[in-house]
Amino acid sequence: MLVSAIENGTVIDHIPAEKTYQVVDLLGLRESDTPVTIGYNLPSKKIGRKGIIKITNKFFSNEEISRLSVVAPKIVLNVIKDYEVVEKKTVETPDELHGIVKCNNPKCITNNEPMQTYFNVVDKEHGVLKCHYCDKEQDIANVKLC
Amino acid sequence: MKKHNFVTIADLNKDEIMYLIQMAQEFEKHPNRDLLKGKVVATLFYEPSTRTRLSFETAASRLGARVIGFSDAKASSVSKGETLKDTILMVSNYADVIAMRHYIEGAAQYASEIAPVPIINAGDGAHMHPSQCLLDLYSIYKTQGTLENLNIYLVGDLKYGRTVHSLIMAMRHFNPTFHFIAPAELAMPQEYKLYCNQYGIKFQEHTEFNENVIADADILYMTRVQKERFSDLMEYEHVKDVYILQNDMLGMAKENMKILHPLPRVNEIAYDVDDNPHAYYIQQAQNGLYAREAIFSYCLGITLDDIINDKTIIKSKY
Chain F
1 MLVSAIENGT VIDHIPAEKT YQVVDLLGLR ESDTPVTIGY NLPSKKIGRK
51 GIIKITNKFF SNEEISRLSV VAPKIVLNVI KDYEVVEKKT VETPDELHGI
101 VKCNNPKCIT NNEPMQTYFN VVDKEHGVLK CHYCDKEQDI ANVKLC
Chain Z
1001 MKKHNFVTIA DLNKDEIMYL IQMAQEFEKH PNRDLLKGKV VATLFYEPST
1051 RTRLSFETAA SRLGARVIGF SDAKASSVSK GETLKDTILM VSNYADVIAM
1101 RHYIEGAAQY ASEIAPVPII NAGDGAHMHP SQCLLDLYSI YKTQGTLENL
1151 NIYLVGDLKY GRTVHSLIMA MRHFNPTFHF IAPAELAMPQ EYKLYCNQYG
1201 IKFQEHTEFN ENVIADADIL YMTRVQKERF SDLMEYEHVK DVYILQNDML
1251 GMAKENMKIL HPLPRVNEIA YDVDDNPHAY YIQQAQNGLY AREAIFSYCL
1301 GITLDDIIND KTIIKSKY
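These protein sequence lines are chains F and Z, in that order. Going by the working numbering, the first sequence opens with residue 1, and the numbers climb by one from there. Going by the working numbering, the second sequence opens with residue 1001, and the numbers climb by one from there.
Just to be clear, a hint being listed does not mean it is correct.
Simulated pairs of lysine-lysine, DSSO-like, Cα-Cα distance not exceeding 27 Å [as the list claims (entries may be wrong)]:
#1 Lys-130(F) x Lys-1193(Z)
#2 Lys-130(F) x Lys-1159(Z)
#3 Lys-124(F) x Lys-1193(Z)
#4 Lys-19(F) x Lys-102(F)
From chain Z, some residues computed to sit far from chain F (all C-beta separations above 12 Å) [what the hints assert, rightly or not]:
#5 His-1004
#6 Val-1040
#7 Phe-1174
#8 Glu-1235
#9 Met-1249
#10 Lys-1254
#11 Glu-1268
#12 Gln-1286
The set of hints was computed from the structure by calculation and includes no laboratory data. Beta carbons are placed, not taken as given, at the ideal position from N, Cα and C, and that holds for glycine.
With the hints as constraints, model all of the structure from the sequences given.
Structure, rendered in structure tokens:
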């Protein structure tokens, strides 16, 4: 790849290509004041086409990482220090999602009251979320973010 | 003491359901008491439901509690834009228990998480109606002598009819066989069929509704095709007359079979069925009083022993 390695920061790899810009938005990288490199439509043996994002001098909290699970559960975060990968974080889909995803039921209380949404992940393999309040299920691939 | 809410029937295990049914049995023997004397019950009805509200308010009154509340959100601060949270917290200052009906799904669950007092779900949109479910269970138990191993036929609007959804969940403990009889437009939603599979509940689906199909029923549970659940009124006009129970369809019915209906009915049970010994829907509504007396008691920490040994029973001289 024609982009130089970063000294310190995070490299997010194996992003399904079409999800690349959602990851950018979820992490608020458009507002970033440190250098960000976005690779899009790169060839990948595992997933066909992938995205890679390199962020200099930025390390992500667990809360930010669990947000990523909603759009791209299989991605890998490489934590870089002194040009070395010191940690590889895979994004695990959590058992519960609080305040991350909107309920797609317009009659759900979470869409009618100033409150946090709350989903149980009822099927991690197929990515099925169930609203704690109205019990409506939705596919993790089609969610809208809060 | 742990706060007892009554928000969904899915929360209750088999023992808890049977415990509530035993309570309802005691209240049927002696419905008038001063067991809740000095208590204040709030009934908050964000959408009108005269039948359910009267049943809750009668249950509270017959146990000696006083009742506050509103029967229509237009008459409350909700019309001024107050949040549910504010209303619930405000009323919690006044009442010992809140029974609430809301058009928004999950409203009662949310209220139960923020309120310091117990919340009773008197219906939340198309989602749950657990007090109706308990009176249905009590009616089934009373007429069949058991809840175990019954053939239960659900007819009509199985898509929007929340009472049938609650009934499936509550019956999972009792090895039922369900038959879903509905037009394709109003068929049982996939999520409830998955629920049946998950809990090993047997079910069959039918689109035909005739004498032969219902011959094996122990319970025939009729529902109304509810106009207010349709966004497309053309669709409503198309399906509303499809599944009507006529008296001459009951010739092959089992002797113990009873017809239930959450009421109000429009035309889905012909009026000549009313005098048939299989008809049970009017008595069923009366069972709602005993079921709701049980729910108030459960939520206010009163035990079955308290009810059996109750010294406040009012025996009328007349």
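- [ ] Examine each Cβ of chain F, and state whether all of them lie more than 12 Å from the Cβ of His-1004(Z).
- [x] 19 Å, holds
27 Å limit on alpha-carbon distance, applied to hinted pair Lys-124(F) and Lys-1193(Z)
20 Å, holds
Test the statement that Glu-1268(Z) is away from the interface with chain F: the closest C-beta pair must be farther apart than 12 Å. 25 Å, holds
Q | Glu-1235(Z) non-interfacial with respect to chain F [C-beta, more than 12 Å] | A | 18 Å, holds
### Task
With a cut-off of 27 Å on the C-alpha distance, tell me whether Lys-130(F) and Lys-1159(Z) pass.
Roughly 18 Å between the alpha carbons, so the hint for Lys-130(F) and Lys-1159(Z) holds.
Interface-negative label, Lys-1254(Z) against chain F, beta-carbon threshold 12 Å:
34 Å, holds
Q. Holds or violated: is the Cβ of Met-1249(Z) farther than 12 Å from all Cβ atoms of chain F?
A. 34 Å, holds
Exercise. Far enough from chain F: is every CB of that chain over 12 Å from the CB of Phe-1174(Z)?
Worked result: Non-interface label stands for Phe-1174(Z): nearest chain F Cβ at 22 Å, farther than 12 Å.
Pair hint Lys-130(F) and Lys-1193(Z), alpha-carbon separation not exceeding 27 Å
Distance of about 16 Å is within 27 Å: holds.
Requested in this report: Just double-check Val-1040(Z) for me: nearest Cβ-Cβ distance to chain F has to come out over 12 Å.
Outcome: It holds; Val-1040(Z) is separated from chain F by about 25 Å at its closest Cβ, greater than 12 Å.
(message) If I take the minimum Cβ distance from Gln-1286(Z) to any residue of chain F, is it greater than 12 Å?
(response) The assertion about Gln-1286(Z) holds, with a minimum of 30 Å to chain F.
Do the alpha carbons of Lys-19(F) and Lys-102(F) lie within 27 Å of each other, as the hint requires?
18 Å, holds
Going through the hint list in order, the structure satisfies each hint without exception.
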